[in-house]
Amino acid sequence: MAIDHESPFKELRLKKRRIMGGGGPEPEEEAASAAYRDQWPRWLQPLLSARFFAHCKTHSDSHRSGECNMFCLDCSAAAGAGAGALCSLCLAHAHRDHHTIQIRRSSYHDVIRVSDIQRFMDIAGVQTYVINSARVVFLNERPQQQKPGCGGKAASANLCEVCARSLLDNFRFCSLGCKVVGCAPDAAKARNWLLRPTAAPDGNASSSALRNADRKQSFTPPTPPSMPAKRRKGIPHRAPFGSLIVEY
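Take the sequence shown: its position 149, counted from the start at 1, is 149 in UniProt numbering, and no numbers get skipped.
These aren't lab readings, by the way, just hints derived from the structure by calculation. Possibly wrong hints are sitting among the right ones.
Once the Cα atoms are required to be at most 25 Å apart in a straight line, the calculated DMTMM-like pairs of lysine to aspartate or glutamate come out as [what the hints assert, rightly or not]:
1. Lys57 / Glu67
2. Lys189 / Asp38
3. Lys189 / Asp122
4. Lys189 / Glu161
5. Lys57 / Asp74
6. Lys57 / Asp97
None of these values were measured; they are calculated from a predicted model.
Put together the whole structure using the sequences plus the hints.
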């Protein structure tokens, strides 16, 4: 019968590492997290964390530059971070022959056509919607004003497994982001991975910093417009011509 002399010493070393507060995550946990991330395309995290429909800072001087509603899959897959959202001029200058996808909007939320995204990743289990005669999926979870079943509305039988949003059909998730979190062995780590900052189009500010700036600006009350001071009503004076006597 073989006796394992390594196990007691290994446990002592692990306990010592926990007491000393060092070492970080265990190698097994780190390997599992890396394996989970590798099952998704490398461009998926930059896509879900990018900030779309902002004006391009790289081509802000050009009248042809519009909103950044394009995304390059090739550059994001190669660099692991991507160039963020791109405008039409960005595509023409540096991404002419690359695989790119267009992001659209529905009620101020980012969507992508099913025909565009399903060529590059598996979207099974994600609720699809028909908007402007095109079938789309949402990129990320949408905020809900009230919990499902509240406000006098009947609770839906189909709910997102991550955010509990009511679904129209028998699907598991409401968005691509919820699918990434819902399929992860550790949902908290998956959320942190998705929220990792991505380089913005200008290469300096991250998309999360831009979101924070917009959030701070939205909570700052606007300065009320200055109203002209009302003129006080004074004592009426008779016109000087009223006292003149006209002689013929």
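So, going through the hints one by one against the coordinates:
1. Using a Cα cut-off of 25 Å, the hinted pair Lys57 and Glu67 holds, with the two alpha carbons roughly 10 Å apart.
2. The suggested pairing of Lys189 with Asp38 holds, with an alpha-carbon distance near 14 Å, which does not exceed 25 Å.
3. Between Lys189 and Asp122, the direct Cα distance comes to roughly 21 Å. Compliance with the 25 Å bound is thereby established for this hinted pair.
4. For the suggested pair Lys189 and Glu161, the alpha carbons sit about 17 Å apart, so the restraint of at most 25 Å is met.
5. Between Lys57 and Asp74 the alpha-carbon distance is near 21 Å, which keeps this suggested pair within the 25 Å criterion.
6. For a cut-off of 25 Å, the pair hint linking Lys57 to Asp97 stands: about 22 Å separates their Cα positions.
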